[in-house]
Structures are given as structure tokens and as C-alpha cells.
Amino acid sequence: MKQKISVLMDGELFEDEADSLLGHIKRGSDVHNDWEIYHLIGDVLRQPEHIHCGLSDKVLERMQDEPTVLAPRVRPLKQRMRTIALSAAASLSAVGVVAWMSLQISPEVAPQLAMQQTAFRPASMQIKADSNDYLMAHQEFSPSADMNGGTSYIRTVSYSKDAAQ
Amino acid sequence: MRLQVVFCGLLLAVFANSHAEEIPASFDWLEVVAFAGHQTDYSGVYVYQYDNRVETSSIVHVTQVNGEYEKLESLDGPKREIISHDGKVWDYINHKMVLVGNNVHSGFPSLLPEQLSSLKANYKARMLGVERVAGYNAQVILFQPHDNLRYSHKIWVHTDSGLLLKAAVLGDNNKVAEQYAFTQLQIGGKIDRSWVKECDSAAQEKNMPDDHKDIKPINSGWVADMLPSGFKKTLEIERQMHGRHAPVTQMVFSDGLSSISIFIEPNDRDEDDEDGLSSRGAVNLYHKVLDKNLITVVGEVPPRTVMQVLDSVRYNGK
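For the protein sequence lines, the chains are A and B, in the order given.
For the first sequence, this note's numbering begins at 1 and goes up steadily by one.
For the second sequence, this note's numbering begins at 1 and goes up steadily by one.
Honestly, the hints are just simulated from the structure, not real lab data.
Idealized CB from N, CA, C, for every residue including glycine.
Take these hints with a grain of salt, some might be off.
Said to hold, decoys possible - Listed below are the simulated DSS-like cross-link pairs for lysine-lysine, each with C-alpha atoms no more than 30 angstroms apart in a straight line:
{"no.": "1", "chain 1": "B", "residue 1": "Lys175", "chain 2": "A", "residue 2": "Lys128"}
{"no.": "2", "chain 1": "A", "residue 1": "Lys128", "chain 2": "B", "residue 2": "Lys190"}
{"no.": "3", "chain 1": "B", "residue 1": "Lys318", "chain 2": "A", "residue 2": "Lys128"}
{"no.": "4", "chain 1": "B", "residue 1": "Lys79", "chain 2": "B", "residue 2": "Lys120"}
{"no.": "5", "chain 1": "B", "residue 1": "Lys288", "chain 2": "B", "residue 2": "Lys216"}
{"no.": "6", "chain 1": "A", "residue 1": "Lys128", "chain 2": "B", "residue 2": "Lys154"}
{"no.": "7", "chain 1": "B", "residue 1": "Lys288", "chain 2": "B", "residue 2": "Lys175"}
{"no.": "8", "chain 1": "B", "residue 1": "Lys79", "chain 2": "A", "residue 2": "Lys128"}
{"no.": "9", "chain 1": "A", "residue 1": "Lys58", "chain 2": "B", "residue 2": "Lys292"}
To be verified - Cβ pair distances, simulated, as ranges:
{"no.": "10", "chain 1": "B", "residue 1": "Ile191", "chain 2": "A", "residue 2": "Arg62", "range": "50 to 56 angstroms"}
{"no.": "11", "chain 1": "A", "residue 1": "Leu86", "chain 2": "B", "residue 2": "Val54", "range": "50 to 56 angstroms"}
{"no.": "12", "chain 1": "B", "residue 1": "Gln144", "chain 2": "A", "residue 2": "Asp19", "range": "28 to 34 angstroms"}
{"no.": "13", "chain 1": "B", "residue 1": "Pro78", "chain 2": "A", "residue 2": "Asp16", "range": "54 to 60 angstroms"}
{"no.": "14", "chain 1": "A", "residue 1": "Glu15", "chain 2": "B", "residue 2": "Asn137", "range": "47 to 53 angstroms"}
{"no.": "15", "chain 1": "B", "residue 1": "Gln240", "chain 2": "A", "residue 2": "Val98", "range": "46 to 52 angstroms"}
{"no.": "16", "chain 1": "B", "residue 1": "Asn52", "chain 2": "A", "residue 2": "Gly42", "range": "20 to 26 angstroms"}
{"no.": "17", "chain 1": "B", "residue 1": "Gly243", "chain 2": "A", "residue 2": "Val98", "range": "54 to 60 angstroms"}
{"no.": "18", "chain 1": "A", "residue 1": "Arg46", "chain 2": "B", "residue 2": "Asp86", "range": "26 to 32 angstroms"}
{"no.": "19", "chain 1": "B", "residue 1": "Ser229", "chain 2": "A", "residue 2": "Asp65", "range": "49 to 55 angstroms"}
If we strip away everything but chain A, and leave its shape as in the complex, we get (with noise of 0.2 angstroms):
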């Protein structure tokens, strides 16, 4: 089961088996630890200065601080309109909840995520030095540079520096 758990986290598995084995993960808490822990391990690898701290565990917790939303009662004339009122509350209070947990989790997972976009791009290689001629030539003739007005030789200070070294 572990091994197709870090099969599964490479991007590996074929979809029907992810399938299974992401339900899997779902009903036993066994299996979750493991998932959990995998992960745990795969963000100190990629990034040892932001240590898992149990985020979905305060996410919770947070959750649980949230005040309770009381609508006043209202008489049984206007049952109807009390449960538009209600639900509509309730499908507010909800958007708040997404929003608000958006806000919490996002400037601690993007990090992340955004690690991993690097981690897959192939473009990991600087461009060489040698290479720094088409770049200028490149520059010289980009119309998109005239879009910066004057300042279009930003790139080239750059370039040239490397030239010099």
C-alpha cells in the first residue's frame, strides 16, 4: 500500500488504480497517516524551512472559534420566507467559510505548490553565457521592448554585465 501511495504522489499510477487508492485514503485512517506523513516527508525535503505544522488540524480548530450564526426568530406566518432567510444566511456563512479558509490556507500551501511548478519545469537550465548574443539580438529588435517606452535596455544592462565577467 505504501508503495503505491508514493507511486500514486510521483503521478505515476494509472487513473481507475488513483481512483481506488484515493478512496482508499479517504475511508481508512491508516492509510490517511500514511499519505500524510509522505507528504510530511516531501515538503522538508523540497523545503526544510517550512516544516509541515499540522495545518489541516488549525484549519479545524479555527473552524470550531467561528461564531455560530443566530438568526432571530421570526413568526410562523412567515415560515417561508424564514427558511429564504435562512438558507440564504447559511449559503453566505458558507462562501465566508471558503473565503476565509482560502485566505488561511493559501499563503501556506502556494509556497508549496509553487516549489513543485519549478521542480517539474524543464527550463530548470540557465541560459549560458555563450548564448547571451541571441539574447541581445533577440532584445535589439523585440517591438515588445518599445512597450517599456525607453526604458526597453533593462534586459541588455543585464546581459552585457554577464558579457563583461
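Chain B: place on chain A using the hints.
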């Protein structure tokens, strides 16, 4: 029940609207920016950040009767001074001006109407409110492409002068691929112009080589079939490049915000590792040997785009 659903939907819509302060922006802003960049006198310090590096440079830009003069000086690392005027780029080395480049399309209209329409077809512009940059109020505008073959561009435009105060190129996940921003800027007023005279006298002193001797427009017969939509050819030339014996063919394509250059030259190098992708900031470069030619594609576009373009390059005959 249906009423309920409608009501909730309405509430959600109102909520979403009040949350997003985004108004569709006019592409006219780009014309304002291009115009202001050429016509305004200013001096300041900007930072340019790409990959894990940050570089600081100073810039002075003045407009005289005989054209624009611009001086750039790197403030960190090895000292470099670049002066540009009338499409010529000079390196200032040991109190001597050395001509390093020519820009044939100096005085080129900033933004051709054709490019503007291609921009509208391929990007969505949105106003993102006003922010402060270098002490000035700046209108923030985001240009988001409709496909994933180009990057998003975010610009901060001075609300009074139209000068570009900050610009960022956003890659996948809206991660900043590169950006530059003024940290200090003086617009108009007293600006040191003593170096302009130096530039003029140096230009006259030197027995100027024929401006475009090394560059001539051609019809090479090479084509690229898989350019992203909206990229139009703006240039096709044959040029001399440093360290090459044979002239290099260069084709430039632009969609108005980003551009792609294709270089074609005889492959006379011995190294086998020429194939491959490399990047710097928002610029990606892809090399490949095709028959006996070395093809290089460079552009401020994602890696997948330079690869796609290179793989579609072929000789169509003249």
C-alpha cells in the same frame, strides 16, 4: 423552492461582484505608456529581478530636438554604462564610447494598429485598482492571455504621466517570472544632461561604420507553422553575429506584448549538447540542430511555446 434558489444565486452574485474590484481595461493604456516612455524626461533607480537575482540600475532619459537619449548604469556588480541614442547603443568603457549595437527600427511606431488588434484578440485586460510605486500613484493593469502559450503581464502605470513604474511577467500559477520596478524616480525638472554632449561628440568623432552594413532584410524561405495565434512577423534579416563566420538569419514575431526570435545558422560547432532548453527570467531559449542548421528560438514566452515553435520550423524554399 425555486424562489429560494434564485435568491441564493442573487446573493452569491452580489457577493462575488463586491469582492472583485475588477473592471475591464482599455488597451489604450498601452499606447499611453509607449508614448509617455518616449516623450518624458526622467531619472531614477530601478531594480530588475529575475530567477533568484536582483540587479539595481540607474536610468536617465531625456528628449532633445534631435531625438531621445538614454543612459543606463548598473549600480551593483561590475560597472556598466550604456548610452543609447538614435537607435545606437554605446558601451561606456574607460571613458571611451564603444558602439555595441544598432537598432534598425528606431523611431518605429510604438504600437502598430495591427498589433493592437492582435493584443485584443489574445489577451484580456483588467484594471486592478491603484497602488503606490516609488512614491507615485500607479494604475495596475493585468493582461491575461486566453491560451497558455504566453505569459500574463502586469503593469503599474503612473496615473499622471503615463510612465511605466513597474512591470511584472507572470508565469504559471501567477508566479513572477521577472519584474522590474522603480524605487526612486524624478519626473521632469532639473536633469543632468552633460553626458548628452559627450554622446554627440563621440558619435561624430568615430568614423561611423555604415549603420546597417551588418544587417540586411532578406526573404530566407524559412517558416514556422506553429506560432501561437496573433504572432506576426515584424522582421526578417540576415546579420553578422559575434564569433560566427557565416551570417545568421533572424526572424522576429510579436503579438504586441511578447516576441519570439528564430535564429538559423549553419551548424559549425562541435559540441553535441546544443539541443536543449534554458531560461532566464521570462525569457526561454531552445536550441536544436535540424539537418545541418542550428536553430535557436528565443522569446518571452513559456518553455512549451519556444519548443512548439522550433519543432515547426522548416525550409519552405524561396
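Outcome of the hint check:
no.: 1; hint: Lys175/B - Lys128/A; result: holds, 23 angstroms
no.: 2; hint: Lys128/A - Lys190/B; result: violated, 41 angstroms
no.: 3; hint: Lys318/B - Lys128/A; result: violated, 33 angstroms
no.: 4; hint: Lys79/B - Lys120/B; result: violated, 41 angstroms
no.: 5; hint: Lys288/B - Lys216/B; result: holds, 25 angstroms
no.: 6; hint: Lys128/A - Lys154/B; result: holds, 28 angstroms
no.: 7; hint: Lys288/B - Lys175/B; result: holds, 28 angstroms
no.: 8; hint: Lys79/B - Lys128/A; result: holds, 21 angstroms
no.: 9; hint: Lys58/A - Lys292/B; result: violated, 61 angstroms
no.: 10; hint: Ile191/B - Arg62/A: 50 to 56 angstroms; result: holds, 54 angstroms
no.: 11; hint: Leu86/A - Val54/B: 50 to 56 angstroms; result: holds, 54 angstroms
no.: 12; hint: Gln144/B - Asp19/A: 28 to 34 angstroms; result: holds, 33 angstroms
no.: 13; hint: Pro78/B - Asp16/A: 54 to 60 angstroms; result: holds, 58 angstroms
no.: 14; hint: Glu15/A - Asn137/B: 47 to 53 angstroms; result: holds, 51 angstroms
no.: 15; hint: Gln240/B - Val98/A: 46 to 52 angstroms; result: violated, 60 angstroms
no.: 16; hint: Asn52/B - Gly42/A: 20 to 26 angstroms; result: holds, 22 angstroms
no.: 17; hint: Gly243/B - Val98/A: 54 to 60 angstroms; result: holds, 58 angstroms
no.: 18; hint: Arg46/A - Asp86/B: 26 to 32 angstroms; result: violated, 50 angstroms
no.: 19; hint: Ser229/B - Asp65/A: 49 to 55 angstroms; result: holds, 51 angstroms
Going through the hint list in order, the structure does not satisfy hints 2, 3, 4, 9, 15 and 18.
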